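Undergrad: Please take these sequences and the hints and turn them into a complete structure.
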Amino acid sequence: MIHPHKKLVLYLFLSLTGTTFLFLLFNEKLFTHPFPSETSISEPNLGKTIYNDKCSYCHGANGKGDGIPAAALNPRPRNFADGKFKIRTTESGSIPTDEDLMNTVSNGLHGSTMPAWKTFLRGDSLMAVVNYVKSLSPRFQNEQPKPIKMSAEIPSSATADKSEKSIANGKKVYQNLQCGSCHGDDGNGTNATSTNLKDDLERSIVAANLTEPWNFKGGATAKDIYLRFRTGMDGTPMPSYVGAASETEMWDLANYVVSLSRKPVWEMNESELKNFYAQQESDWKKNPLARGKYIVESRGCTDCHSPIDEHEKLIEGLELAGGQRWSLGAYGDFYAPNLTPDKETGLGNWTFEEFKNAFTRGIKKDGSRMLPFPMPWTAYVNYSDDDLHAIFSYLQSLPPIYNKIPENKPLGTFSYLIAKFKWLILKKDFAAYIYPGNAGTTSNNNSTKENEQ
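Positions in the sequence shown are counted from 1; adding 532 to them yields the numbering used here.
What you were told as hints is all true, and nothing was included just to trick you.
Taking lysine to any residue and the SDA-like style, the derived pairs with C-alpha atoms no more than 20 Å apart in a straight line are:
1. Lys681 <-> Ser624
2. Lys703 <-> Thr725
3. Lys960 <-> Ser859
4. Lys618 <-> Gln676
5. Lys896 <-> His921
Simulated from the structure, these hints should not be mistaken for lab results. Being a predicted model, the structure only gives us computed values, none of them experimental.
TA: Structure representation (structure tokens):
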């Protein structure tokens, strides 16, 4: 059977707006579907019911962080099954406390797609969800949390006024602990040497920009930041500094990080905005790969140029390798091309000019023309050469994946006219489908079998 997926207009919209809207649109039900009544469901089932209705879409039915949009979200949803949590008040390697989990569920995680549920979940409902999340990992049955022993008072050299002395000391600690290797000399990534960071599951992650505290997932106060140094962020390269720095040094370091915060754009005046964007453009030119990665991710290129499985999840290992098949009513079948730098099946032998012509003018490498959909090239006609070079450079930096994509199959003239007649005159629905599986052929000549209509 052909697999009905989202309407064509949704995918065109997503391709223009990126993965934030992917989350919002796909999860409309999260905030519109009523929560189950606590009086109608026994407590042991309440947490599971709410989890299945509100959490499983991103975190997966078994809590493994493999929900439908997971592969397209950055950062990826938490894998509850392994029992590792980043935002905690417990020792490095310890499971979190119930209060830690309730705070995360209630307040959300800034800089991610994890929303704050405090408006919707309170009291017994909140505790029920937390208990169900704990049941997804055996660690909570076999271990007890180990809360940190934090001094009752912030050391006098790092009092709440964030004195110049404390900040100066914190800068020295920042340098001594080599924080700049990941976060850059200025906290903004400048001269960072460790740029290919991965989590415990070998997924790429990006070190936090310390000048943008509104994206700090665990909060942006000196205490919040101190806790990240004290506990570490399990499952990531961010360690605990217990043994490497004293309590006073960690508080000083926290105050120094607070001092790095810049003014957010929504608080800037016209002059400040001009200077900020001029500096940002200059920074992007110094690091075109980062710029290209940002554009590719924010435009949602992965959502269309990667095959999906029968559960609508992106197939791991084939990100941006093409192979997603679209059936577009009167126009026929279309196959998303391979954007990796494989020389035979991808962009490996493309020049920048060939890429630019395809991306902004709809002219293929062989000189033939694209329709303005499903690839919405008309939306990119005004992209600057700097941005186009950044995108092309980033795509060329990816690991090449052999995935030979079939030619598009437009309908013949007669079939096209019949389909258009049904659509425009008889007012039949425009049939738009996306098939599960990889329509391409991988290097082992073992492509994922498509479903048949």
